[in-house]
Every structure is written in structure tokens, then in C-alpha cells.
Amino acid sequence: GAVVSQHPSRVICKSGTSVKIECRSLDFQATTMFWYRQFPKQSLMLMATSNEGSKATYEQGVEKDKFLINHASLTLSTLTVTSAHPEDSSFYICSASPPPKNIQYFGAGTRLSVL
Amino acid sequence: GQNIDQPTEMTATEGAIVQINCTYQTSGFNGLFWYQQHAGEAPTFLSYNVLDGLEEKGRFSSFLSRSKGYSYLLLKELQMKDSASYLCAVRDGNTDKLIFGTGTRLQVFP
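Chains as they are written, first to last, in the working numbering: chain A, 1 to 115; chain B, 1 to 110.
In short, the hints are calculated from the structure, not lab data.
Built from N, CA and C at the ideal position, the CB exists for glycine as well.
Do not rely on the hints blindly, as some may be mistaken.
Derived, one-sided and incomplete: chain A residues facing chain B with beta-carbon distance under 8 Å [said to hold, decoys possible]:
no.: 1; residue: Ser43
no.: 2; residue: Leu44
no.: 3; residue: Ile93
no.: 4; residue: Phe106
Lysine-lysine pairs mimicking DSS-like chemistry, simulated, CA-CA at most 30 Å apart [as the list claims (entries may be wrong)]:
no.: 5; chain 1: B; residue 1: Lys97; chain 2: A; residue 2: Lys41
no.: 6; chain 1: A; residue 1: Lys14; chain 2: A; residue 2: Lys55
no.: 7; chain 1: A; residue 1: Lys20; chain 2: A; residue 2: Lys55
no.: 8; chain 1: B; residue 1: Lys68; chain 2: A; residue 2: Lys64
Could you build the full structure based on these sequences and the hints that come with them?
Structure, rendered in C-alpha cells:
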């Protein structure tokens with residue numbers, strides 16, 4: 001069964017609005033979660049590492065004010081795409097690693113379409 | 001720097017065997033992973049190698065040679081549903097981040 005839950009699976013929004021995506025670890029505590037973005041026919045690109053109780057660590061080139069990450073509990077991380085624009089349209093995927101092998105399992109992904 | 005290479009596309013016939021290669025150069029190493037990703041879906045975990053050798057899991061096997069920076073995923077008794085992208089990923093030993101290759105798109109024909 002799924003170990004990571006992600007919601008919503010699809011979002012269509014107008015340009016300028018903000019969109020929140022939730023990522024939950026199921027039946028385990030995740031002090032760290034990861035957020036990826038994937039454009040069509042490309043591989044996964046790590047955007048940021050979400051750390052419970054502290055600030056997220058962003059990869060080079062990712063705007064932290066644009067992509068707000070909140071990891072308020074040991075089972076929930078949220079990614080908010082602020083003032084979304086059409087170029088933010090992409091497939092956003094989160095992951096977390098249940099112990100003990102630290103294998104990263106992915107949520108189902110969120111397809112964001114900004115009109 | 002970080003570099004992971006795998007073929008862009010492969011084709012194979014139903015019932016056959018296919019091997020997808022992956023070579024990597026990373027600053028640190030703490031395991032190599034293979035994921036399957038169907039179009040429009042998130043990746044699903046297939047296999048994990050941290051020591052040299054072969055890991056077998058049903059129809060799928062994965063091999064690792066750390067000295068050569070090389071891995072392969074072997075798919076046996078191919079089925080149509082195996083048509084998907086296969087992603088090779090290396091976990092950086094310093095940061096624990098997963099670094100993904102570009103993925104190999106496999107098409108299985110009847």
C-alpha cells in the first residue's frame with residue numbers, strides 16, 4: 001500500500017493565484033521530505049528538502065519566496081506555489097523515506113495547470 | 001560534479017529480456033535506486049543496491065559495481081505493462097539527496 005499520500009492530484013488555477021499541495025507520510029514519522037518538479041518528458045528535479053521544525057533547504061535556482069514549504073508536523077509537509085504563472089505548470093511530486101532502509105517513496109503527484 | 005547517464009529510449013518484444021544500463025559519477029555514494037514511472041504517474045520503487053552484486057526481485061533484477069560506477073536493471077519475461085520510463089537514481093552520501101538520471105523510456109511490443 002501507499003506510504004506517502006499527496007493531495008490534490010490535479011489543480012487548474014488562474015494566473016496570480018496561490019496553490020497549496022499537501023504531502024503526508026502514512027504510518028511513519030518523516031523529519032525530512034523532498035519536493036520535486038517534473039516537466040514533460042524530463043526527469044525529476046529536486047526543488048527543496050523539507051525539514052520538520054526548521055526552514056526548508058532549496059536547490060540552486062529555486063525561488064524560496066515563490067515556493068513556500070512548511071513542515072509543521074512529523075507527518076505533513078506543504079508546498080505553496082505563490083502567485084502562480086503559466087510557466088509554473090508542471091508535475092509536482094513529494095517523497096519521504098520510512099525507516100529502516102531510507103528508501104524514498106513518492107506521493108501520487110500533483111499536476112498543476114496555470115491558465 | 002554529479003552525472004548519471006542512461007539510454008533515452010529502448011524497445012523490446014513481449015516475453016523477451018531487456019537490460020537498462022546506468023553509469024554514474026557522483027561526489028558521494030550511498031546507494032543506487034531504480035524506479036518505474038508510467039506516463040502521468042509518480043515513480044514507484046523497484047530496487048535498491050548499496051553493495052556490489054545482484055539483487056533479484058521476481059522478474060526484475062538490479063546489479064551494481066561501485067568501482068565502475070555502473071548499474072543495470074534487468075527485466076525478464078517482458079509484459080506489455082512494463083512499457084514505462086525507468087529512472088536510475090543515486091543517493092548522495094553527503095546530503096542523502098537522490099540524484100536522478102534522465103530516465104529510459106521502454107516500449108514493449110507484442
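Legend entry - Holds or violated: A:Lys20 to A:Lys55, with C-alpha atoms at most 30 Å apart: holds, 17 Å
Inset, instruction - Take a quick look at whether B:Lys97 and A:Lys41 sit within 30 Å of each other, Cα to Cα. - result: holds, 22 Å
Inset, instruction - Return the status of the interface hint for A:Phe106: holds when the least beta-carbon distance to chain B is below 8 Å, violated otherwise. - result: holds, 4 Å
Legend entry - Hint validity - A:Ser43 Cβ closer than 8 Å to any chain B Cβ: A:Ser43 check passes; min Cβ-Cβ to chain B is 5 Å, inside 8 Å.
Inset, instruction - Would you mind confirming whether the straight-line C-alpha gap from A:Lys14 to A:Lys55 stays at or under 30 Å? - result: Holds, at about 28 Å.
Legend entry - Minimum beta-carbon distance criterion (8 Å), A:Leu44 to chain B: holds, 5 Å
Inset, instruction - Please work out if B:Lys68 and A:Lys64 have their alpha carbons no farther apart than 30 Å. - result: violated, 37 Å
Legend entry - A:Ile93 as an interface hint toward chain B, with CB separation required under 8 Å: Given a least distance of 5 Å, the restraint on A:Ile93 holds.
Hint check: a violation occurs at hint 8 only; the rest are consistent with the structure.
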